[in-house]
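*Asks:* Once you have looked at the hints, place chain B on chain A.
Order-wise, the sequence lines are chains A and B.
Heads up: the first sequence runs through residues 1 to 559, numbered per the numbering used here.
Heads up: the second sequence runs through residues 1 to 267, numbered per the numbering used here.
Calculated from the structure, these hints are not laboratory results.
Beta carbons: idealized from backbone N, C-alpha and C, even for Gly.
Within a straight-line C-alpha distance of at most 25 Å, the following computed PhoX-like cross-link-like pairs (lysine-lysine) qualify:
hint	chain 1	residue 1	chain 2	residue 2
1	A	K174	A	K82
2	A	K148	A	K117
3	B	K40	A	K383
4	A	K388	B	K40
5	A	K388	B	K10
6	B	K265	A	K226
7	B	K265	A	K150
8	A	K174	A	K2
9	B	K4	A	K388
10	B	K38	A	K388
11	B	K247	B	K258
12	A	K534	A	K508
13	A	K99	A	K180
Some residues of chain A that are not near chain B, with every Cβ distance over 12 Å (derived):
hint	residue
14	E88
15	D135
16	L136
17	A268
18	P299
19	V429
20	N555
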Amino acid sequence: MKDINVIIAGAAGEGIHTVGDILARTISAQGYAVFTWQEYESRIRGGQNSYSIRISEKPRNAPLLQADALLGLNDGAVNKYKPLLKEEGILIAQRQSRKRMITIPFGEVAKEELNDKIFANTIAIGALTGVLGADLDTLNQVLAEKFKKKGQGIVQGNLSAAQKGYRQATQQCKGMCAWKLPRQEARYYLVSGNEAIPLAATFAGCRFIAAYPMTPSTGIINYLAKEGELLGIFAEQAEDEIAAINMALGVSYSGARAMTATSGGGFALMVEGISLSGMTETPVVVILAQRPGPATGLPTRTAQGELLFSINAGHGEFPRLVLAPSDPYDAFHKIVKAFNLADKYQMPVIVLTDHFLADSQFSVLDFHLNTVSPTSYIADPQKIRDYKRYQLTKNGISPRLCPGQSRHLVGVDSDEHDEEGHITEDLDVMVRSMVKKRLSKLDSLKQEISLPEETNVNDADIVFVGWGSSRGALLEGLRLLKQEGNKVGMIHFTELWPLPEFSFPNGKTYITVESNATGQLARLLRSEYSVSFKGTISRYDGLPLTGEYIRSNFNEYYR
Amino acid sequence: MAVKDYIREKFFPHIWCPGCGHGIIMGGLIRAIETLQKEKNDIVIVSGIGCSSRICGYLDFHTLHTIHGRALAFATGVKLSRPELTVIAPMGDGDAFAIGGNHLIHAARRNIDITAIIMNNNIYGMTGGQYSPSTGYGEFATTAPYSNIDHPFDFVNLAIGAGASFVARTTTYHVTSMIKIIEKAIMHHGFSVVEIMSQCPTYFGRKNKFASAVEMLKYYRDHTTPIGSKDKKNNPDLIERGIFIEKEMPEYCDEYDKIIKMASKGE
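Okay, chain A solo, but in the shape it has when bound:
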């Protein structure tokens, strides 16, 4: 089957999120791979926003810009998003404005036939389900589940509304709608980055999160505040990001795994704490969900602008790990790795996501939970006679004990310190040994870093180099450019600091693809691998990279 892209457009507060969610769950339950992403303005009411649903047989997990079907909840939304509707596409709206369209005055029908305006959106969902040729039964199950807490009356109202929309749409559809989405066997998890991350943290044995609300990271603490008791994670809303990271460090010092989550501005406040983690060798996992900056920037849009910031954040020199998962599946695995390595190397780990990965829902067939597991690296106090928190060792890793666990006292110091954790100014011996000890952890850490993913590199003349959440868009870009006869390949990084031993094959033209304006990945790789780039396909308007964007930019600037 050909992929179908549905856009639902409406004002903030008009319910596009609920409409989109119900439709996405319906199509997913019908057995298809669904990918959703949203773009919205930084306001709670008004504006015109969109919720896009891509339907395919196998997971694509990348956004499409043009719509096969557009549902406009108001006239303004129809006008704003109609340019994205394909010529042969179908519009679903309340007022006739083109030939290929389904016209249902949702509001009036709801009021006149169901006695309540609140059912208008469900009529629209029913209509969309009809247009797409999916089963009304499946939609009914999703609606019943969604509204069961609101009582039988509301559930019944919604079911009738769905049926009305479905019937009217299928009648008007005759000879126009070609789509059929019969029930399939496959069952995908429909999951966003901000859902995969807290679940992964739980799986990894994290017991604490402190955070200050900041889009697009907020979903994580919201999720954990609600589900934390069930998952065994204590969620604390701190007074600011400085407190958040220091609380996490306090918990971690005490022996429990801890994390914090923020976006660029909050991360700027956390930088001092990152350095404290490095000096005191206290593990902490920091989720940095990127959005366009500087300063407040575009709070509800996406970017990959904090790559170099996260690698360099923190005064002084100390080891850290920076990961940038490509999708929720990868995020799950990377989060477990983040907690394990933070513990093992006693250092800060920064996990870069972005608005696109945080809020978009991806289809995942299997998380392969048996391939990852949490590993604790806290030392056994019984085996230690005289405890030294910062004992000098060959690989730089000292035994970590926790307070109250045994008779050993655990002292840490943010000043330079000796092996017992006491402040020292023994410049000749102790200071040099401690600096070396901390940095020597990087040698073994480097061996744990995964190589970048290579796709079609051997046969390619042009190789796109990307990182993080743009993987799906890059793969789609490759497909589109291949169809046009180009020999293209991809190298994609998800583990960015320290970088692994890797060499870029000779004789290829390399172009980075990044959601930032200055080509931060190119700068990093140039300095670490001495590789040269022809340039960067960059996107910095706050919208996510798409295959089509990569294709057209390549043709315009690099052909």
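*Replies:* Quick look at chain B alone, frame taken from chain A:
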């Protein structure tokens, strides 16, 4: 346990200047802990940065010498994670009420069971005598060479306003009552703030015409008075000392336990 068992003798003599009040506070803190017969292993001392924070080096407990202003945030993490431990955060006046002011008021609001000891010497000592949020109007500091135009915080009222359930003030002159107050603060189940006026003869004293540490101690004797005393009525300029607030309020870790129970009931 004797006083000696609670200190790391090998690091003496300490770094504080001759005449500094901070050693007196350390002595008071140790004696309070001794009276309470606490195990070394049950006590976590979390300090920030500055002269005050160096107390961590000399006390033989779990000690955390963190960063400037953040002691309470770090301590909150320790307490949330290990509520059975006694967590004490000694801080300087700038540490607690300038750079760390936000953490202090929020710790007070949460009423988390941590004892904050504010070693208030009205100046930034470690960096060379700059004015702090408790340097008075008209007083002098390296950064106020022509006299300070900022007005000082009243730490006691600030802590009360922020919701601390135990608030006290004492001085390094009144050692016996200081020990008692620290004891009570540690025993108090909730957030406690103890402001201890502590002399800095090196910077505050020299810049503000105090001839010696002894003069400063005498100042504490002559310019403070027990809460609600007759002297205060006659001379409103006197600074009151004692326990201003000591009330039972739901403690943060207990409250969280209740939430856990409530939330798990539904499952």
